[in-house]
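Starting from the known structure of chain A, arrange chain B on it as the hints suggest.
Protein chains: 2
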Amino acid sequence: MKAVIPYKKASAKSRLSPVLTREEREEFVELMLNQVIDTLKEAGIGTIDILSPSTYGLENMTKANVLLDKSDLNEALNRYLKQAEEPVIIVMADLPLLSSKHVKEIISTKKDVCIVPGKGGGTNSLFIKNPSRYTVRYYGSSFLTHCSIAEETGQSIEVYDSLFAGTDIDEPEDLVELLIHGSGAAKDYISKKFRLEMSRGRVRLVYI
Amino acid sequence: MKAVIPYKKASAKSRLSPVLTREEREEFVELMLNQVIDTLKEAGIGTIDILSPSTYGLENMTKANVLLDKSDLNEALNRYLKQAEEPVIIVMADLPLLSSKHVKEIISTKKDVCIVPGKGGGTNSLFIKNPSRYTVRYYGSSFLTHCSIAEETGQSIEVYDSLFAGTDIDEPEDLVELLIHGSGAAKDYISKKFRLEMSRGRVRLVYI
Chain A
249 MKAVIPYKKA
259 SAKSRLSPVL
269 TREEREEFVE
279 LMLNQVIDTL
289 KEAGIGTIDI
299 LSPSTYGLEN
309 MTKANVLLDK
319 SDLNEALNRY
329 LKQAEEPVII
339 VMADLPLLSS
349 KHVKEIISTK
359 KDVCIVPGKG
369 GGTNSLFIKN
379 PSRYTVRYYG
389 SSFLTHCSIA
399 EETGQSIEVY
409 DSLFAGTDID
419 EPEDLVELLI
429 HGSGAAKDYI
439 SKKFRLEMSR
449 GRVRLVYI
Chain B
249 MKAVIPYKKA
259 SAKSRLSPVL
269 TREEREEFVE
279 LMLNQVIDTL
289 KEAGIGTIDI
299 LSPSTYGLEN
309 MTKANVLLDK
319 SDLNEALNRY
329 LKQAEEPVII
339 VMADLPLLSS
349 KHVKEIISTK
359 KDVCIVPGKG
369 GGTNSLFIKN
379 PSRYTVRYYG
389 SSFLTHCSIA
399 EETGQSIEVY
409 DSLFAGTDID
419 EPEDLVELLI
429 HGSGAAKDYI
439 SKKFRLEMSR
449 GRVRLVYI
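Protein sequences, first through last, are from chains A and B. Read in my numbering, the first sequence has 413 at position 165, and its numbers run on one by one without any break. Read in my numbering, the second sequence has 422 at position 174, and its numbers run on one by one without any break.
Here chain A stands alone, though its shape is the one from the complex:
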């Protein structure tokens, strides 16, 4: 089995632009990518491919293979799956709370497919035992779409229920989760720039 991480550094994470500059966002996604790679390695996954439309920011990547594909995310991933010939776990690059324990549990599923829902109907990770029989369709409510695709193609599916694996970092409020529950370089980067402000209701992020 192998892992694939879709990744794009250039102008990444535009929804974080209210709180981080472009340069900061690019630094931050690189830290998150490295953390996800380390997590996959810790979980014992031997082959890790980064699927990117550009080599930008990946020039010195030695921890994982870099595969270039300029197509749209879905097209590139579906081409990858078609050629995979072994089980594949697709892991998003913005999951700094994902642990090797999560990964081990996800790939131990007894079902054909294991999906990790993110907030707002997203798909944070997707483990596919027979990748040539499955196609992905990210964007929108991809969680529901990916469940339907499994059903339509007669593949059983497990929903992996985890708050931490389910936390993708897209919007400023997601950084709160990283500060509260995170560790490692991505958290350190954010905790140098922001602190949590406590008030009634949920915790908010303020600049240091």
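Hint data in this document are derived by calculation from the structure and do not stem from the laboratory. Treat the hints loosely; a few may be bogus.
Identical chains blur together in the list; that is why a pair holds if it fits in one copy or across any two.
To be verified - Each computed BS3-like pair below joins lysine-lysine, with the alpha-carbon atoms no more than 30 Å apart:
id, residue 1, residue 2
1, K349, K359
2, K435, K359
3, K358, K441
4, K311, K435
5, K311, K440
Just chain B, lined up with the frame of chain A:
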């Protein structure tokens, strides 16, 4: 062991006021409360107490005991814990994605305390084996506070990692999770009023 659910119907869930009227919010919290009670019963919990500052909306409650306490949430809960004399699980009333499987796992913890983090640093559920030795402090980043309280009083703590048990319904975007992952009366109520709009990025809520 027993369960306690803090609950207030009057003008509940003010942060949902951009999308639901006061009357709707009051109807909705009642549906969520009933779902949480059913979940606890399904998990085999015999004694279920509702802790409320008022009997409003609880006049005909037969599925659980109603305890009145007009004090602040923390004061009322700490008084409850002091008198409990057996393990207590505190469960918030706004957790329509909580299942009996979650509850069974939470109360099976080998640690002294088991905490279920919600989004934004909240505490969605808290299982306490020795309630007279523990005090709660909700509001703000109660997750971190509750972890510290366990540590300071020499009690071990487990963090229960679940996206669904971790989904409390406070803000309009939380209703998206209910529509995608939920079932039962609370989901039905919301799905009569809203539908999901798919677009790039996360799914959004729109009026029907």
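So, going through the hints one by one against the coordinates:
| no. | hint | verdict |
| --- | --- | --- |
| 1 | K349 - K359 | both (18 Å within a copy, 19 Å between copies) |
| 2 | K435 - K359 | between (33 Å within a copy, 27 Å between copies) |
| 3 | K358 - K441 | neither (42 Å within a copy, 37 Å between copies) |
| 4 | K311 - K435 | within (21 Å within a copy, 45 Å between copies) |
| 5 | K311 - K440 | within (26 Å within a copy, 50 Å between copies) |
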